[in-house]
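S.K.: Chain B: place on chain A using the hints.
Here the protein sequences line up with chains A and B, keeping their order.
Following the UniProt record's numbering, the numbering of the first sequence begins with 1 at its first residue and continues without gaps.
Following the UniProt record's numbering, the numbering of the second sequence begins with 1 at its first residue and continues without gaps.
Treat the hints loosely; a few may be bogus.
Said to hold, decoys possible - Below, simulated SDA-like cross-link-like pairs (lysine to any residue); rule was C-alpha separation at most 25 Å, straight line: (1) B/Lys36 / A/Arg143; (2) B/Lys137 / A/Pro117; (3) A/Lys22 / B/Lys36; (4) B/Lys202 / B/Val88; (5) A/Lys137 / B/Asp58; (6) A/Lys36 / B/Arg152; (7) A/Lys137 / B/Lys202.
To be clear, the hints were calculated from the coordinates, so they are not data collected in a lab.
Number of protein chains: 2
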Amino acid sequence: MKLYDTAGAPNPRRVRIFLAEKGIQVPTEQVDIMSKMAKTDAFTTLNPLQRVPVLELDDGTAISESVAICRYFEEMHPEPPLMGRNAVEKAQVEMWNRRAEFGVFAPVAFAFRHSHPAMSELEVPQVREWAEANRPKVLEAFRFFDQVLSDRQFLAGEMFSIADITLLCAVDFARVPKLGIPEDHANLKRWHAEVSARQSAKA
Amino acid sequence: MKLYDTAGAPNPRRVRIFLAEKGIQVPTEQVDIMSKMAKTDAFTTLNPLQRVPVLELDDGTAISESVAICRYFEEMHPEPPLMGRNAVEKAQVEMWNRRAEFGVFAPVAFAFRHSHPAMSELEVPQVREWAEANRPKVLEAFRFFDQVLSDRQFLAGEMFSIADITLLCAVDFARVPKLGIPEDHANLKRWHAEVSARQSAKA
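Looking at chain A on its own, in the form it has when it is part of the complex (with noise of 0.2 Å):
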């Protein structure tokens, strides 16, 4: 088993802190997206997207899209159980990500990707336009995290969740094109302090 993984990208990162909350430990090779190394043909063969992160199996089957590695390693090794443990539990936390990956996550990425010039040859075309568009987007949803995190620990209620990773990614990654929390936001404060001073936060 590899994990085709690239340091300091977002996506990959989610994986890897996931993987640090169950205690497994995986062989990684990292792909640089930014060189030609993603469009090489094993890569491609790996991913026609040539996208990271990447799940390659002993038996060849390649597994791509983070949530895709994740939901794989949550059913083979279920403790602790990070994406919900009965049918509620399980949507609320679906919900859960996808609201933090809709509304933070996508928002952030686009503001990124269509204002950067690193990003110039892989996001084409970049529409300033767009970029823009979304930065309100992810203040909005900063302010929508903040009043939900009013009455819980985490995204999901009372358990750790794969819907913080992504949220916790998210709000990291936001740094690059310079959307911070406001800082009336407590409630997404102290969140953001307490899931950034676990252990698998550095993976």
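M.R.: Using the frame of chain A, we list chain B on its own:
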């Protein structure tokens, strides 16, 4: 239990097809998202993001996000399996479902929401250039899925899954911004004819 649904909208259709494949009937209430109906206090309490579909359980628990609702039913009614039966299948279905979402569903939604006059109040600001940028992304994804479907009956392999439901709803939604499957995409057209012929596609 009640499903808040909007006839004609592509996301609620994903849930309706999923339920039809499972043979589950759930009482529904129609929400007119184009009027202010999704903005009422009662509906906002169910889903602060004011979007459909929402599943309300008998104890008042509200689950939004189409795939989260599907996951609830998959756990409660595992047969027929639509999200995979074991770790590898579950990961692969998740991967293909996300590829259909990110590759087709999202670009189609952007092409529609950022250009259609009817969406000018729901999508602020409308970024015309972003709508245009997504049209070739949809066509590129059609090409990708046409190749994928050259060696298998369904997206995730030999078993119909939620990934097929997502792609079907996305391809049909693409008619609104006038993006059809090109004539020479024989595999994608064969797949589309097959999944459209299932009884569930009428849901």
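S.K.: Against this structure, judge whether each hint is valid.
M.R.: A quick look at each hint next to the structure:
With a CA separation close to 22 Å, the supplied pair B/Lys36 and A/Arg143 stays within the 25 Å bound. For the hint linking B/Lys137 to A/Pro117, the alpha-carbon distance of about 21 Å falls within 25 Å, and the restraint holds. Pair hint A/Lys22 plus B/Lys36 does not hold up; C-alpha atoms about 44 Å apart against a cutoff of 25 Å. Taken as a hint, the B/Lys202 and B/Val88 pair is broken in the structure, with Cα atoms around 30 Å apart against an allowance of 25 Å.
At roughly 33 Å between alpha-carbon atoms, A/Lys137 and B/Asp58 are farther apart than 25 Å, so this suggested pair is violated. Of the supplied pair hints, the one linking A/Lys36 and B/Arg152 is violated, its CA atoms being roughly 30 Å apart against a limit of 25 Å. The hinted pair formed by A/Lys137 and B/Lys202 fails the criterion: a straight-line CA distance of about 35 Å is larger than 25 Å.
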